[in-house]
Each structure stands twice: as C-alpha cells, then as structure tokens.
Amino acid sequence: MNRQSSESQDRVKRRKIAVACDDCRARKVRCDGVQPMCGPCSKRTERGVHCVYTGELEKKRARQTYISTLESRIKQLESPQDSEKTRGSGHTPCVNTPTPTSGIGQPNASQSSARNIPSERNISTLIGDGDGVNAMMGAVEEERASQGFFGSSSAAGFMRQIRTAVDKRVLSPHQGPSLPHTVIPSNIVPKRSERPQSSAGNYVLPPRKMADSLMQVYWDYVFPLYPFLIPDEMKDEYEKIWSGESLEYDESMLMCTLNVIFALASQLADFVPPTERETSADVFFSRAKGLFQFNLWDTGSIGLIQCLLLMAQYLQSTDSAHQCWIVTGLAIRNAQSLGLHLPQTINRLQTFRERQLARKIWHGCILMDRVISMTFGRPAMISKTSSGAVPLPAAVDEEYIPPGSNVEVAQPSNLPSIMAFFGKSLELYEIMNDVLLSLYKPMSDDGSDDIHDFYFNNVASEGDRTIFELDRSLARWTRSLPPHLRGGSSLVPGNPIFCRQSIVLRARFLHVRMLLFRPILSKYCATRDYSSTDPLISMNDSFPHRVALQCSIICVKAAQESIELIYNNVPADGTGGPLPAWWYNVLYVYTSATVLIAGRLCSAILAEVTEDSVTRSWNCALEILRKYESYSTSARRCVAALEILYEQVVSEGLQIPSQTPRPDFLVNSTTALNEMSFGEGMNAAFLDSFEFPDFQDMSWLNSVPSNLF
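Here UniProt numbering is used: position 558 in the sequence shown is 558, and no number is missing along the way.
Since the hints were made in silico from the structure, they are not lab data. Among the hints, erroneous ones may be present.
Stated by the list, open to error - Label pairs and their in silico Cβ distance ranges: (1) A410 to P343: 17 to 25 Å; (2) N295 to N347: 28 to 36 Å; (3) N295 to E564: 48 to 56 Å; (4) E399 to R479: 47 to 55 Å.
Stated by the list, open to error - Only pairs whose alpha carbons sit at most 35 Å apart, straight line, appear in this in silico DSBU-like list of lysine-lysine: (5) K627 to K523; (6) K209 to K235; (7) K441 to K523.
Note that beta-carbon positions come from the ideal geometry of N, C-alpha and C, so glycine has one too.
Please construct the entire structure, taking both the sequences and the accompanying hints into account.
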C-alpha cells in the first residue's frame, strides 16, 4: 500500500466531532471532543486546565426557551379572552414566535427536532382546532376532562401507552414514572351550573298542593321500581324551589326533571281522571322539553342522564316510540362518555353514596336498553360484557347511607331492602337479553329436513345459549329471590311497596318465560303439515316434536298465568293498585293474548290446556284491555288487533271447536269494529293498514306491532 492511499484512508476514517470545547471553538481549532481534556488543549503549555464544554447546554437552553415560548402562545390562544377577541375580529391571529438560529440564520438540527416533536400536552392544539377531540379519532390528549371519558382504543389511550414507554426509556433520576390513569370528569356529581339560566317565565309549576301530590305519586309508585334519584337531595332541592333558596343542582335541569316527574306521575295518579291523564301529562312534558338544555357539543352529566331516563319512562306511555328509542340512546351515550360503564371510574368516586348513584344510573341505562330492545325488536346498545363489568348497586336503602362516608355500608339484617327489587330486575332482564340474542336472531330461510335442527338448532353462533340453559337460568333466578319478593311473605305483612314489587317482578318473570318458549310455539304451530323424514318414527312420536309440544304448553300456561295475575289485581275502583304501570300491563296482556290465539291453532295443546280455560283467559285479557282504553289509544289498538286476529282464525276454521260458543263481542265483528271509537283517525287508518297474518308463517307471534308502542 503506497503512502498516497494510506493518507486517503486516514482522511476517510477521520471522525467528525459535533461537540467542541469552548477554547477550541474560540481559536477555531479542530477539537477531538475528548473529556476532560481534548487533544489540542493537552498539547498547550498550560497544564491542569480542563476543557469547558458549554455549547450543548446552550443548545438545550435554546430549545427549552423555544418550547416555553410555544406553550405560552398556545395558552394565550386557548384562553377564553383571546378566543373572544379572535371571534370578534374575524381572523386568526398569527404566531410571531422568534426562532433560535444557528449562526447562519436557519434553525439548527436540534431546534428543528424540538419543533417537530411537540409535547403530548400540546398535540391536539398543534394538529387541530384546539378542542382535543375528533369525531373519528376520539381524544388525542388527556388534559381536557370536560370532553369525557375515552378508553384504550382512543388516541388518548394510545398516547398514554406511548408516554409510558417513553418514560421507561428516558426516565430521569428526578422524575417518577408516569402512572396510567383514567380521566374522571368533574361533572359526575350533580352541581350548580355556571351557564346563564332560562328566564323565570319558563319556570311554571302547578299549585303547591297538586305538585306535592304528584311528587308523592313518584316516590311511592315510580321510585321503588326505578331508583334513579337520591331522595334526600331531590326533596331538599324541591323545597328550596318553593322557598326561593339557592339551589345546589343546575336550575334548568332540575326544573326540567321536575316537570318530567309531574308528567310521569300524571299518567299514574289515581286522583287524575283517566280521560284527563294524557292531556295533563302532555302539558308538563311540553314544559320539560322547553327547559331541556342539551347541546351535542357538550359533555353530559349525571343530572342530564337522570332526566333522560325519566323521559324514556314517560315516553313509554305515549305513542312516541321513536322519541323513546332516541332518548334512551342519548342516556346511554352520555353515561358512557362519563365512563360509568367502567368499574375503575366508579371506584374513584369519593363517597359510597356517589358510587351507589353511579351504579344505579349505569344499570338504569342497561334496564331501559333491554326493555326498549325487547319492545321494539331492535339490537341492544349495551353489550353483555359491558353490562356485567360494573357491579350491581348494593341492596341497601338510601336512609342507611351516610352522605359523606367512604365506607361500604349494608342493609340492617332484619330489614328487607327496597333496592333488592332493582337488582333482581336487572338479573332477570339480563336473562331476557340472552333469550333475545339466542332465540330471536335473524334465521336463514333455508328449510331443514332435520327436525332437531328445526326446533332447537340455535347454537350456531358462539355465545348463544340453548332453551334448556336459559330455562335453567330462570329457575336459578327464582330460587335466589329474597322472601319479601316472592309474594305472600309473612316477613313484612301489609307493606304496600314490597307487595307491589313482588307482583311486578312476577309479571316480568312470566313475560320473560313467554318470550323464552314463544319461538318454539311459533314453530310448533307452523308444522301442522310437517311430515317426519324418519320412516321408522312418526312425527307425533319424535323426541323434538314431543319436547316442542311441552314447550308450547308451558308458553300458553305462562300466558294464562300472566293474564290471571293482572286480572286479579286490577282494582274495581279504577285505581292503579299493586300492578305495573298500565302501559306495561297492556304489553303483557297483548303478548299473552297472541299466545292464546296461537295455542288455539293446535288441538294437541288444547287437549292439555283445555278449550274452556283458554276461552276464559281470552275474555279476561279483552276485559283488562278495555279497562285501559280510556288511558291511551294503545289499548284501543291492541283490542282491535286482537279481535282481527281472532276473527281471522275463525274465518279460516283453524282448530276452533264448533261446540265452543263465540264471545258476544265477536257475534258481529265487522259492526263492532266499525263502531269502536279509536280516536286520532284510528278507525279507518288502522283497519285499512292492518295486514292479516299468515298463520302458516306465525311470524306475527314473535313481535309486537311497532305502531302500538
């Protein structure tokens, strides 16, 4: 190797030093960067003098200054005063931030890096409009708690993971690790709003005596079944309204909620004539709608969710099915935005009363979701996983929960809890949801030659449960009921609340049991002409067909028991009595009556249930519905629909024994139907649009007409 090539290699291998000591930098001498003494300085005559390196510190200082300047400007832009000035001027202020340069008027490499990798705190402002939330991306930062909860799939959750990983890599001796956390919005607990309140003219209340009576109807009749409020706090706020004292809750939301309560109580109050209930309730609900302040751009609150749940309850009593569906959805989405669907959110609340309220609100959303989904035949919004993540509310009444205590409290062992009903209802409705998911899913139209598959092949999808497993769940649920909810208990004699809770729970159970066996009844009625494909076993002797017959008989008997339960507890004086709200009674009786019609189609069912008992139950069902005709058009529609269904069965001669006399109300069906007063133009419109069912199809049995509720 010659000398020239050797020198060339030396030049190639020579290192470029990015850092030079102050002395070499001043003398413009190439520095090798060795510390504590570089090569050029070690050859100088002065000994014992270490090199001084301040260039890197200057870069860091410049970068920090640059970031601080950006953050100051961002804070200025985010401040309300600056935002108002910006909107008022109609233009966006420009950022005249001085840029540190590196000797030749351009940002150096370190400064460019600092500018292109902003801190997580400022990401949302630098990439968007400053609100930190994008409709498709979710939150991209965690600092803005007012935007609500965002889970691990959101951008904020991803940034938490990135920040944790970065902290592990660059953790300094003076900095502790960044702990993952969940944002808990400060508006979980109701509080006074800082927004301007509505005008006093909108705060119209009924006379004090009537208002007190309606509130008492709510506390006695609604709250024991749907405990969505804290009685002591709501009663205190109610008294403050009349005394003129300052309120703790948002004033507009409180007045809105009270008017919804008045509307709901008007539909249930015995002192309001049935013919006047709908009109009276509509007046209060119209006021509530005028006071309702909901902004799609704001995060909700507990008070908002409570009001929405009460609205959904009231709308069940009206013909506003779509509004009921939408309002329930709004309550669920706002609850999820607060993170109420996560146990860690609720566990971080300070007091047991707050945790109990949050659980009640979230499970109230689940309850309404399940009921509305069943009624309308639509998919539920809340998944099974989410519904089971948060523990059920504790079975302890409000009077035993100290306001500021953080300790879990229990109901006195010698006193049954009113809250036990709510927990058992939630367990029952979760079984009902399993029934809907497993047995009421869309099925293929392809026929099956296998009768086993025809009746019981409902486990094609993962997670589906068989009818036998679901029936076992119902049996276990009944055995788990506390004594005071089983009916006829001597533990709490004469307690009207426990008496009503046991009857309501029994009515709900029978309805779920009908839902469980009704699809089998539907298939059994549709297989009258079905011939067995097994040459050695007749159709009537096949195991699936025999089991299906017994399931059908159980369904018809459950329908009869449901009708009998309501019929025996409807007070003669026209009051509500211990029954569910009248709109639930209409739903339960209508469902039961359609099951009776289906049972009439099969002689094998009538052989065990008997024609006389079915006729007796049918007459009782019609009598119940006629008692509710003055309450709402829904009952009148149900009566008309059932009479048309029955008439169609008779006209086709489908398994109706000739020796059985027809009820008087069907002697001249056409005349009777035409003379009925449906109201709201229902006489012509309903009958003209009613589609006569295909009794070979039986799909009518598995649904409730959407125009009824």
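Here is how each hint holds up against the structure:
no. : hint                     : verdict
1   : A410 to P343: 17 to 25 Å : 19 Å, holds
2   : N295 to N347: 28 to 36 Å : 29 Å, holds
3   : N295 to E564: 48 to 56 Å : 49 Å, holds
4   : E399 to R479: 47 to 55 Å : 29 Å, violated
5   : K627 to K523             : 33 Å, holds
6   : K209 to K235             : 15 Å, holds
7   : K441 to K523             : 15 Å, holds
Checked against the numbered hints above, the structure breaks only hint 4 and satisfies the rest.
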